[in-house]
Structures are given as C-alpha cells and as structure tokens.
Amino acid sequence: MSLIEIQGISKSFGGLVALKDINMTIEAGEIHGLIGPNGAGKTTLFNVLSGNYIASSGSFLFDGQEVIHLRNDKRVSLGIVRTFQNIRIFTSMSVLDNVKMGFHRLTFGNWLTSILATKKVRNEEEFIERSSESILEKLDLKDLAYEEAKNLSYGDQRRLEIARALAMKPRLLLLDEPAAGLNESEVKKLLERIREISSMGITIIIVEHDMSLIMSVSDKITVLAHGQKIADGTPQEIQSNPRVIAEYLGKGA
Amino acid sequence: MMNSRRVKLVLLVIGIALATIPLAIDNQYVFHVLTMAGIYTVLAISLNLLIGSAGLFSLGHAAFYGIGAYASALLTLKGQMPFLIAFFLSGVITAVIGGIIALPALRLKGIFLAIGTMGFNEIIRLLAINLDTLTGGAAGLPGISTPVIFGMAISQPREYYLFAIIFVGITYVIFQRIIASRPGRALLAIQDDEIAARAMGINLTNYKVSAFVISTFFAGLAGSFFAHYLTYISPDNFGLNESFAILAMIALGGIGNYTGSIVGALLLVTIPETIRFLQEYRELIYGITIVVIVLVLPEGIVGWYPRFIQRKKLLNNRRLLSTTLHVNKEG
Numbered sequence: 001m002s003l004i005e006i007q008g009i010s011k012s013f014g015g016l017v018a019l020k021d022i023n024m025t026i027e028a029g030e031i032h033g034l035i036g037p038n039g040a041g042k043t044t045l046f047n048v049l050s051g052n053y054i055a056s057s058g059s060f061l062f063d064g065q066e067v068i069h070l071r072n073d074k075r076v077s078l079g080i081v082r083t084f085q086n087i088r089i090f091t092s093m094s095v096l097d098n099v100k101m102g103f104h105r106l107t108f109g110n111w112l113t114s115i116l117a118t119k120k121v122r123n124e125e126e127f128i129e130r131s132s133e134s135i136l137e138k139l140d141l142k143d144l145a146y147e148e149a150k151n152l153s154y155g156d157q158r159r160l161e162i163a164r165a166l167a168m169k170p171r172l173l174l175l176d177e178p179a180a181g182l183n184e185s186e187v188k189k190l191l192e193r194i195r196e197i198s199s200m201g202i203t204i205i206i207v208e209h210d211m212s213l214i215m216s217v218s219d220k221i222t223v224l225a226h227g228q229k230i231a232d233g234t235p236q237e238i239q240s241n242p243r244v245i246a247e248y249l250g251k252g253a
Numbered sequence: 254m255m256n257s258r259r260v261k262l263v264l265l266v267i268g269i270a271l272a273t274i275p276l277a278i279d280n281q282y283v284f285h286v287l288t289m290a291g292i293y294t295v296l297a298i299s300l301n302l303l304i305g306s307a308g309l310f311s312l313g314h315a316a317f318y319g320i321g322a323y324a325s326a327l328l329t330l331k332g333q334m335p336f337l338i339a340f341f342l343s344g345v346i347t348a349v350i351g352g353i354i355a356l357p358a359l360r361l362k363g364i365f366l367a368i369g370t371m372g373f374n375e376i377i378r379l380l381a382i383n384l385d386t387l388t389g390g391a392a393g394l395p396g397i398s399t400p401v402i403f404g405m406a407i408s409q410p411r412e413y414y415l416f417a418i419i420f421v422g423i424t425y426v427i428f429q430r431i432i433a434s435r436p437g438r439a440l441l442a443i444q445d446d447e448i449a450a451r452a453m454g455i456n457l458t459n460y461k462v463s464a465f466v467i468s469t470f471f472a473g474l475a476g477s478f479f480a481h482y483l484t485y486i487s488p489d490n491f492g493l494n495e496s497f498a499i500l501a502m503i504a505l506g507g508i509g510n511y512t513g514s515i516v517g518a519l520l521l522v523t524i525p526e527t528i529r530f531l532q533e534y535r536e537l538i539y540g541i542t543i544v545v546i547v548l549v550l551p552e553g554i555v556g557w558y559p560r561f562i563q564r565k566k567l568l569n570n571r572r573l574l575s576t577t578l579h580v581n582k583e584g
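Which chain is which? The protein sequence lines are A and B, in order.
Here our numbering is used: the first residue of the first sequence is 1, the next is one more, and so on.
Here our numbering is used: the first residue of the second sequence is 254, the next is one more, and so on.
Simulated from the structure, these hints should not be mistaken for lab results.
Be aware that one or more of the hints could be misleading.
[What the hints assert, rightly or not] List time: in silico DSSO-like cross-link candidates among lysine-lysine, alpha-carbon distance up to 27 Å:
| # | chain 1 | residue 1 | chain 2 | residue 2 |
| --- | --- | --- | --- | --- |
| 1 | A | 74 | A | 20 |
| 2 | B | 362 | A | 74 |
| 3 | B | 566 | A | 142 |
[Unchecked claim] Derived list of chain B stretches under chain A, where covered just means 3 residues or more per stretch with a C-beta under 8 Å from a C-beta of chain A:
| # | segment |
| --- | --- |
| 4 | 423-431 |
| 5 | 439-449 |
| 6 | 454-462 |
[To be verified] A partial selection of chain B residues facing chain A, derived with a Cβ cut-off under 7 Å:
| # | residue |
| --- | --- |
| 7 | 434 |
| 8 | 435 |
| 9 | 492 |
These numbers were taken from a predicted model, which means no experiment stands behind them.
Cβ coordinates follow ideal geometry from the N, Cα and C atoms, glycine included.
Please model the complete structure; the sequences and the hints are all you need to start from.
In structure tokens:
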C-alpha cells in the first residue's frame, strides 16, 4: 500500500471552488513535485494536506489511516510536517530556540515535570540542545545559533525553516516553494539538501515554480490548473504532455 | 547574552542579602514595605507569564488576586481551616476560576482580551461589594486570622517578611523553570506566530488555558497571603487600578523578563512609600511609568542593561576593527 492516498479532495471557499476532485497516490520515500500556474490551488492543497484547512470533501489516507478530519497539530503528531511559502519562523526567538521548537513533537516535558526539573526533563533538555546544535551544523547555521532569527538573511531564514522541520522527524515533509527568493547557488545547494533529506527516508511533496529544480529533483510530478489535476507522471512525461504545455504557454502554443 | 551561571550567583547573593536584613535592622515599617513588594512581585511574575510569555494581554489580574484573598479569608473565618490548607486551596480555587474564565476569554484576541478581562475584574469587584452576606460588602472582611504554619505563628513583621522572601523565591524559580522548558517555549512560540506554533504540533488552547491556570494559581496564593497579612480585606484592594499597578511593574522590569518583574515590583512599591509626597500620586506614577517605559525603554530597565553593555562592546569591537583595517592599509 502507498504511504499517501488522496481521493476526491475538494475545497471550496463559499462559492469559489479552489480544489476539485483531486486524486493522488504517493509512495514512501518518493519526492513528489506539485506544479501549476499561479492560482492553480497548489498552496490550498498543501493547506488541506497539512490540516491548516479542512477539506470540503474527500479522503486522505496517511499510512492507511484516515486523517482528513484531523486538526493541524494532530497531523503533526503523525509526522506530517510542512514549511511555508512566506517563511514562518519564530522571529523573536534565537535560531537555536527555533530548532528546539521542532522537538516539541517528540518530547514529553510537561508543566509539572518542568517545574520539578526532574532528571528525565533535564536529560531531555540536554538531548534537545545537542540534537538542535547538530541539525544547525548540518545546515551550516551553527555560527548563527544565538542570533535572533529575524536578523537572518532571507536564504538563511529559509534554511532555518527546513532545519526546524527536520527536527520534527517528519515522515512526510511538505515544502512550499523552498526556492522562492533564493539565488542560483543557493538553489543548487537546496537541491542537494532535498536529495539528502529524501535519502533519510522522508517522503517529500514539493511545490515550486523553479522548473529546473522541480524537474531534476522529483520522482513524480502532479500538475494542477484551475483547482483540478490535469496531469501526473515522471518529469519526462510531464515535459512532453500537450495539456501541460498548453496551460503553461497558452492554448495557442 | 549574560552568562546564566553568573546571573544565578548574583541572584543567590541578593536573595541571601535580603534574607539577612532582619538580622541587621529591625524596622517594622521597612519590613511592611518589603512584604508588600514581595506580594506584588508574585503578582507581577505570574501576570508576566500571560502578558510577557504567552502574549495574552490580561488586565484582570487583581480580580484573581481578590478571589484568592476572599477565598482564603472565608475558608479560615467560616470554614475554620488552618492557614496552610486555606493558602493552598485558595490558589486551587482561583486557578479553577482562571481556567473557566480562560476558555471563553481566549476567543478574544489582543486588545479585546484586555477589555474582556478588565470587565471581569470589575465584575469581581462588584460581586465583592454586593454579596455582602458572604464578603461583608464594601466594608470588607475584618478579623482574618494570622498564619500559623505547623504550630509556628507568623505575627511579627519580620516573620511576614521572611515568609514573603521564601514565597517570592519559590515563585521565581518555578516560573524561570517553566520558561526555560518545553511548555515555556511553546508559549513563546504561540506568542510569536500562532500558525507556525500549530505547525509544530502545539495545541494552542491547551497551552493558553494552562498558562492561565498557573498564572491565576499564583495570583490566588498572593491574595491569600495578603489577606492573612493585613487581616482585613475590602473590594478596594482588588480594583482595576491594582491590575494596572501590576502591569506597570511588569513594564518597568521588562515584558517577559521575570527578574525584571522583581525589580519592577520592588521599585514601584518602595518609591511611593519612601518619597512621602509621592504617596498621594501612586496611581499617577504607575500610569506615567507605563507610558515612559513603552516609549523609551520597551525592553524594561532589566532587559535594557545587558543590551546596553552588548552594544557598547559591539561599538568597541567595530572601532577596533576599523583601526586595524586602517593600520593594515597604511602598512
């Protein structure tokens, strides 16, 4: 069975139909690209998958479990983790604390044990600290660990968001336009990083406008337009698909 | 960032110094002022969890302070309970009411939460005035017993003062631990960005209500201690002006800074007391403090100091760097 089975997902806002009858199947370990012109419904689909929006109808089986009605934070606890198109790091916190936030999902310190500072909590805090530092090191952010996150450059903020997501030990990672605003060399590094994350056994769905990135990194691609799926397949198939070409270049092309 | 071990050491020294004051002097008035400062410190620290860490702008803290005071007074007067049990129970009662109030109040955001909690504060004050069979009405409740702890009677100003020191110390350590741990970080995350916090798997309502429960628990304890210290309480002690006074203390020390809350409470309680002619203008001082701090030192006096030092260091480093570059160029 596939890790992700999406069937008949629709989402409408009042009279506006943003997504209509979307079906997708994604295997574990896959890097799945999601593309489409502006307003195609990519981010809406992301919001529906991460639980920021609740779908109007449809089904989302994650590892065999129906999650479509679960709230955002409940899906996170199953390992469905996302980044945001318009970066949402905790700007007033330090870089290190941002990554520490990622460990919220898999740690247990509660009010009482924290007040009592039990041995378990102290060990856990130490574990969080060490693991956060090693994640920062992996993403070349270690020198900035004690910097306030809002002082980071745009590219570093994007990287920090990925670092935080990795701290959450995701099973499914939803990357919403991770290359937006990055320069060419940063995009190259991002590409390597996505492959690296994938090699850790994390399934990835990626929304991106950078076609060279998406074509080189994705195993499979789904194309959305006007809230509907118009094609799916390998990058080669997508590139030669006449409907996709028509959507991107205009009907006359 | 200041070295945390050094901070701990400094605090320990200050704590010991404060605890040994009674050995050096025996001035009842000094003890009274410092005891009141202790009560306000607990109030300021506990409100700081909501305003400073969770970003929940509650302006009804004096209401919970009052609930704790009345609960404890009634438990000992009518229920004949020993002090320590009444002290603890009044915290629990206040926390339960705090949690119940939090559930609907948290539907309000930002300034509307502030207005809603202000309204709650006023309701509690009016209830205290109008439920006169229970609360003694506007005349208040006199004759509250002084504390007896395990057979040890607290009745001298010096003993109250020592109790206050321990009370503040425990409160401070608890809140510092909270804020340096997983639930504390979750609150800071919620304050920073609710959507991102939820994306971390944080249950927002859960954490916000818990913050309210813990904050109001300590307000209730402070109220209980206050009642048994003065042995007389009236609705005037728990009006909106008290909530604003607590807010002024937080602002002065630095919003979200718990060490600052101690300094803020200490200054704002002692200054009007020691400078005689200012006593009449206590509320005016609180108002001016809030305005000036917000405009001039938004991080509060305690938050400002390390940054000031840091900035100075940074400037020096830059100057050093530019001179070295200069020398290198010439060389």
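Here's how the hints hold up against the structure:
At roughly 25 Å between alpha-carbon atoms, residue 74/A and residue 20/A fall within 27 Å of each other, so this suggested pair holds. Our distance criterion of 27 Å between C-alpha atoms is met by residue 362/B and residue 74/A, whose separation comes to about 23 Å. The hinted pair formed by residue 566/B and residue 142/A meets the criterion: a straight-line CA distance of about 22 Å does not exceed 27 Å. Counting residues of the segment 423-431 of chain B whose beta-carbon sits less than 8 Å from any beta-carbon of chain A gives 3, enough to reach three: the coverage restraint holds.
Chain A is given as covering the segment 439-449 of chain B, and this holds because 8 residues of the stretch bring a CB closer than 8 Å to a CB of that chain, at least three being needed. Three residues within the 8 Å Cβ limit are the bar, and the segment 454-462 of chain B against chain A gives 4, so the coverage statement holds. Evaluation of the residue 434/B hint against chain A yields a held restraint, the C-beta minimum of about 4 Å falling below 7 Å. With a least beta-carbon distance of about 4 Å to chain A, the hint placing residue 435/B at the interface is held under the 7 Å criterion.
Taking 7 Å as the C-beta contact cut-off toward chain A, the hint placing residue 492/B at the interface is violated, the least distance being around 30 Å.
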